[in-house]
Structure formats: C-alpha cells, structure tokens
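Protein chains: 2
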Amino acid sequence: MQEDLVKLAGDAAKAAQQLASFDTAMKNGLLFSMADQLLLHKKEILKANKIDMRSGKEKGLSPAMLDRLLLTSGRLDTMAKAIREVIELPDPVGKMSGMRTRPNGLQVGMMSIPLGVIAIIYEARPNVTSDAAALCLKSGNAVILRGGSEAFNSNLAIIEALRKGINLSNGDPALVTFVPTTDREAMLELLKIDKYIDLVIPRGGEGLIRFVAENSRIPVIKHYKGICHLYVDKDAEIDVALRLLIDGKTSRPGVCNALETMLVHREIAGQFLPAAGEALKKKNVEIRGCAETRAFLHDAVPASPADYDTEYLDLIISSKVVGSYEEAVEHIRNHGTDHTDVIATNNLKTSRRFIRDINSSSVMVNASSRFADGGELGLGAEIGISTSKLHAYGPMGLEALTSKKFVVIGEGQTRHPID
Amino acid sequence: MQEDLVKLAGDAAKAAQQLASFDTAMKNGLLFSMADQLLLHKKEILKANKIDMRSGKEKGLSPAMLDRLLLTSGRLDTMAKAIREVIELPDPVGKMSGMRTRPNGLQVGMMSIPLGVIAIIYEARPNVTSDAAALCLKSGNAVILRGGSEAFNSNLAIIEALRKGINLSNGDPALVTFVPTTDREAMLELLKIDKYIDLVIPRGGEGLIRFVAENSRIPVIKHYKGICHLYVDKDAEIDVALRLLIDGKTSRPGVCNALETMLVHREIAGQFLPAAGEALKKKNVEIRGCAETRAFLHDAVPASPADYDTEYLDLIISSKVVGSYEEAVEHIRNHGTDHTDVIATNNLKTSRRFIRDINSSSVMVNASSRFADGGELGLGAEIGISTSKLHAYGPMGLEALTSKKFVVIGEGQTRHPID
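The listed protein sequences derive, respectively, from chains W and H.
Residue 1 is where the first sequence starts when you use the numbering used here, and the numbers rise one by one after that.
Residue 1 is where the second sequence starts when you use the numbering used here, and the numbers rise one by one after that.
Don't read these hints as lab results, they were simulated from the structure.
Each hint should be verified, as a subset may be incorrect.
One copy or two, either will do: identical chains are not told apart, so a pair holds if it fits within one copy or between any two.
To be verified - Listed next, the in silico DSSO-like pairs over lysine-lysine satisfying Cα-Cα at most 27 Å (straight line):
(1) K95 <-> K404
(2) K225 <-> K192
(3) K42 <-> K164
(4) K164 <-> K81
(5) K405 <-> K95
(6) K349 <-> K281
(7) K14 <-> K192
(8) K81 <-> K349
(9) K349 <-> K404
(10) K234 <-> K50
The task is simple: from the sequences and hints, build the whole structure.
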C-alpha cells in the first residue's frame, strides 16, 4: 500500500507541475468538462450512492448523517453548478504584487503560484469531492481526495466522472486522485508523503482533525471548533445586539460560526438580558447563565465552568455578565477558539480597541458571527476555515491555495563588482 | 524539564498577547532599550564569550567555526546597530488590506497581526540571538531562543542584557525567553508545545533542520539547501551571463544563494564555455562538466550524476550542455531545491516562459542568484529563507512573521432575516 500511495502522490505531483503552467482558459476547459461528465454520469453515481445509503442504514447512521450522504438528481445538478461557478472566479495564479524597483535598478515583485498537491481528508458529504476538486484545479493544484467510508462508493463514482472529464479535455487524470481505501493505516502512510504532498486539509469532526494534525509530517490547515462570542458592550444598541444574538445563535445552530456564549456588560444587563431572554425563549433556546444573568432571567439554568468551553452546536447558549470591557476581552482570550468573535457597540473608540485586542480569525463589529464564511466575505468560495495563523487564517478562498515566489528582473546586475 | 519548558512557553504566550496590542512607539521603546543594554553589558558578554571560545578550541572547532563564535567590542556594536535598524523598519502589524464593501453594506478587510510565539533554533553565531529577538518583537511576537551548545554562555549573557532592556522599558522579559539547556531531549519537548508556540524556525545545518522538521508538532519554516542554477539561454548576452556566473559562484561560495550548476544551451556553448572556463580559472573554480562541456573545456573534471545534486558551498561548479530551453527547465525541476534559479537571456518571450515555468522561491532574469536575500530584495531584514511554499516562500522579512485576520464592520447586519 505504502508504495502504491507514494506512486499515486508522485503522479499527482507530476500532473501538478504541468498544470502550474496552464493558463486560465485551459484550466476552465477542464472544469467545464468535469461538470459535463458529472451530469452525464448521474445514473452511475446515484446507483453507487444507493449502495452507500443502504449500508449506512444498516450501520445505523443518524437521519442527519444519512441526509448528508444522500445524493439526488437535483443535488448532482447543484454540484455541477458549483463547478461552473468556480469557472467564473478570477484565476489566483500569476497575479503580480509588491512590485518595486531597487536602487540598483532591479525590478522585484511577487507572483502567485500554486502550492502543488493538496490532500483533502473528509467525512460524509460527497459534494465535498467535486467542490474541493474544482477549487484545487482552478488554483493550479492537483488534489488527492480521501473521503470517509460511508460515502466510499459515491465518492469513487464522482471521481471517475471528474477524471473522465479531465481526460476528455486533454488533462492528466492524476490531477484528481482518489485514495482507494478508507483504512487508517493508509491515511497514516499518506500523511508521511511530504516529498510530494504540500498541504493537508482535514474536514470533519474534531477527532479526525486531531488525528491528522498529530500524525502528519505535511503542513496541516485545521480548525478544531468554534466557540464564538457576542460581547454586548455598555454602549451597544439593544436592537442591534438582539439581532446579532438571534441570527448568531438560531439561524443555523449546528455550524462552527454559530454563537455559543454571550458576554453582557453590567451597565446594560438590566436592559438587554430581559429582552434577550424573551427573544431566545421564542426560539426555544436554553440559556445557561452566571448568577447575575439568572438574577434577570429566572428560567436560565446555572452555568458550570465547563459551559464556557463548550461548543454546543445546538439551541443552547451560555451567558455571563462582565464588569468591564477588559473582562470581556480577557474572557474571550481565555475561552475563545480563534474562530469568530463579535462586539455590539456604538462607541467608535471601543470598537477600534476590540478590533486591536481580539486576534480571532474573524473579528466582527455590529455584524453577525454567521458572516464568517468565504462566500459571505467575498472570497467567492470556501475550501475550509483555518484557526491557526500559519499560511491562512479564517475562511480560505482560492488565494489560500496559492503561494508567492519572488521574481527579479535585471540586466546583468551583480551583488559584488566584477573585476 | 518538560513542565519547566511548558511554563516558559506559557509565559511567553502571555507576554505575546500583551505585546500584540502595543503600538509602534512602545515596541520601538523596547528595542531602543535592548540595544542600549547590549552595549552596557559588553564586559559581561565578552567574558562569557571567552569561556565559549576556550571550550570551542578545546573541542577542536574549525577556525571558521571559531570565527563565527567570536564576539568583539566591534561586533557587539554591530549587533546593537542592527537592533536600531529594526526600529527604522515599518511596523508590519495593524496594516489593513483587501478592503471591500459587500452588497449588504458590510465592510470587510484584513488586518495584519502577530503570529504569537516564535521559537528559533540555531547553531553557532551569537548575533542571531539579538537579530532574531529584534525582528520578532518588532512584528509583535514573543521569541523563544534555543541556541547551540558552542555559544551557550555568550547567548545567555546576550539574552540577559536584552531582557534587562525590556524590563527597564516596562515590557515583560518573557518576550525574549532562553531555553536554558542545549540537550536534544529538551528540544524534542519544546517541539511538542503546540499549545503555546506558533512557529519554529530552525537555522543551521541540514541535519539540525531535518531533525526539527521531522520531530515538530508545531509548523516549521525551513530550507534544507540551495542548489541554484544559472541557465545560459541561446539568446543570452555573453557578457551578462559571465557576470552572473562569476558573481553567483565566487562572490561568497559558502552561502545558500551561490550558484552550484550552470546549464548552457548547445547553440551558445561554443561561444560561452571557453570564456566561462577562462573566467572561472582566474577565480580558481573547479568545473565538473558533462562530455559536451569537456569538449570545450579540457581541464574540466568529468561530472558524475551526483554532482548535479550537490551543494558544493565551495569553489566548484557543475556544468551541463542542454539541447533546448525545455531540457534546462526539466533539469532544474528535477535537481533544483526551490531556492533560486536564474536565466540569462535577452529574449523577452523566453524570459516570460522561464518566470512561469520555474516555481523556485526566487526566479531571476539577468540578475545574480546572490540577490536572493531579504535586504537585497527590499524586505529590510531577513529572519530566514523558506523553500517550502506554506506561509512564506523565499527570503522572509517582518511580514512573514505576521498573519492576517478578517475584520468585518456593520450596523446590525444578519445573515438571515430576523422576524
């Protein structure tokens, strides 16, 4: 297996090297063809998905898991449409930046280049297969896909269609490579091939991500969890704070940019908390509060210390009254996860301090935490979210799949005089 | 030891969090004070250096190694001057980029922030101690320094002076933390503290760098070696190509951006090689050539296949005649190390192709490989060179020690309508 995987990765690296010189039209040609073949292979893909669904039911997957796994003709249309949308995105490769002329006349600049080979390790959702492949190819990278066992047959069928598309468009099918096994041993082997693979992006539960991060010799871009805070400053507008609270907690509680904790300044607690309690009650949200919170909200459950470190991903929110701006910042620094933190305030100075003091990957002023998303922030598409600061931080678009090389142009300049 | 190191790293992380909100003047104040104390502690530092020099001689270090280790009053002046030069550099933190307004009125931008805690693992040269500390602090990061055993006493004395400077300027001395042992076990423990340390930069020989890369759970920025190529295209100007060859090979053969291989297009070999042979002979450079090279240069030694993968770091160069541009690119892709590669050509189209086809961290057209250096490229200073594409690629200046967070400003926008 080890040698097989090294061979697969080596082929991907070779294909990537070729792709790096492709112009935008050639890359878009591949994507067009991939979208076409995805639609032309609907029958095979849906058949493969039926097998996965059947064994998923046998294994007793939850209805939510089964729904994620399910493919339909409509969902395949959506997947093909997503590939076509990537065609419309600007090509991140070849862009020059930081141009300058040095005193000796050398022109220096930086050019965006692909990273090379990107391995995506993911669970369930078969749509990740085509989304990730499209984003990697558009940014000039080859992709190695290692999906979960539940979607094995679906992923295989999707990748066969994509590779056929690449082939018909005169590309190297090794640009989209499938790891033909889902066992952990093979994943461990894959994570050692730093000779050919440049980046690993794990997408899935915390267990998977930790396993990848701890066992990889290849750089990993990861995020574990999102404990996102809303700090309601003493100078907040109550209406704005309520909007951010309800959208942040209830518009989609199961995602990582949902709110998990509200911190309320003591001076505004008497005004804000009763209104918040009412609004949250309407949405069936359970509140776990500190003693001061519960003085205003008698229905609230007492919060244990662990509550402030819990990503509920559910209709539950923890609440704490703080005595000062500084206490709020301190709390976020101690309990935050570098994902997204929000301040509601109408005080310009306080908002500027918050932006400076909080170094989470997305810092929001009077805006919902739910905007921490590649599409919403204008990145065009999202390949993942990083909560570690190296290379990429926050929602990752196409640019996060590139690097920059120095380009230097002269006319014979030397560092030392030549005699 | 493990707990001690974790405690040290935790203190550094806390100090870093505080430093992240310092403005430029406060950071420069620390640097001024560090430079002053370095000069005021000359006596102690030179005394400590004498101990290192004595035991270095006893251990039989080479004269070159001893020279690197040696500190003098003049060298300490230079180190203090280098800190003062960092004061003059623009502060990379707080810079906004990519500002845009979304259709819903949200303002989105990215703000540069420090990485947090940077561990520098290095050998010999005690000047790295103060250089690295200054660059890390200017970019808002705390630094953990782990120097080599040869310079242990010198490093300790330098760091004591720097910490005194920080303290006198009301900073937290934990901003500059010294690992008080040089054994490998402690280094292994250090490389596991991914909770507090954000980045590891190893500086030294290939053995040290590989050891760090293979044992670190923290992201590592590294470069192993520089096998830099000069490709003399058929449309090169002979004079320009000769200048690049002599500067690249002989101006400082022991450094990573020196040339190790020349590739010469067959159509120009008859003109170029005899002139190159003469110029290299004057500089006492040994040529290891392919058969075609040797047809022009009878003194050249036959090159073995291993020669094209060797970083000589000496007055030796390998030479190969190639039949085409494509063959040169293929050779560089197979034998290059993603450091620096140069084309000499006066053909605009060929130069543009080379810039596209070669994705080394520095790609040069008619400019010496020796310009692959932070100072020369206008970065102000250099903390290291990266030959892996993640996070930073090529010479790293202050900006490479920062990340970017998303900043979003609104007036109560929500992702979903609030009823």
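So, going through the hints one by one against the coordinates:
For the homomeric pair K95 and K404, the shortest alpha-carbon distances inside one copy (9 Å) and between copies (19 Å) are both at most 27 Å. Proximity of K225 and K192 under a CA criterion of 27 Å is satisfied in both settings, with 25 Å inside one chain copy and 21 Å between copies. In this assembly of identical chains, the alpha carbons of K42 and K164 lie at most 27 Å apart only when taken from the same copy (13 Å versus 70 Å across copies). Taking the shortest Cα distances, K164 and K81 sit within 27 Å of each other inside one copy (18 Å), while across copies they are farther apart (62 Å).
Proximity of K405 and K95 under a CA criterion of 27 Å is satisfied in both settings, with 11 Å inside one chain copy and 22 Å between copies. When the C-alpha separation of K349 and K281 is checked against a cutoff of 27 Å, the pair qualifies neither within a copy, at 33 Å, nor between copies, at 68 Å. Taking CA atoms no more than 27 Å apart as the test, K14 paired with K192 passes inside one copy only; the shortest distance there is 18 Å, against 33 Å between copies. Taking the shortest Cα distances, K81 and K349 never come within 27 Å of each other, neither inside one copy (44 Å) nor across copies (37 Å).
Proximity of K349 and K404 under a CA criterion of 27 Å is satisfied inter-copy only: 22 Å between copies versus 36 Å inside one chain copy. Proximity of K234 and K50 under a CA criterion of 27 Å is satisfied in neither setting, with 55 Å inside one chain copy and 60 Å between copies.
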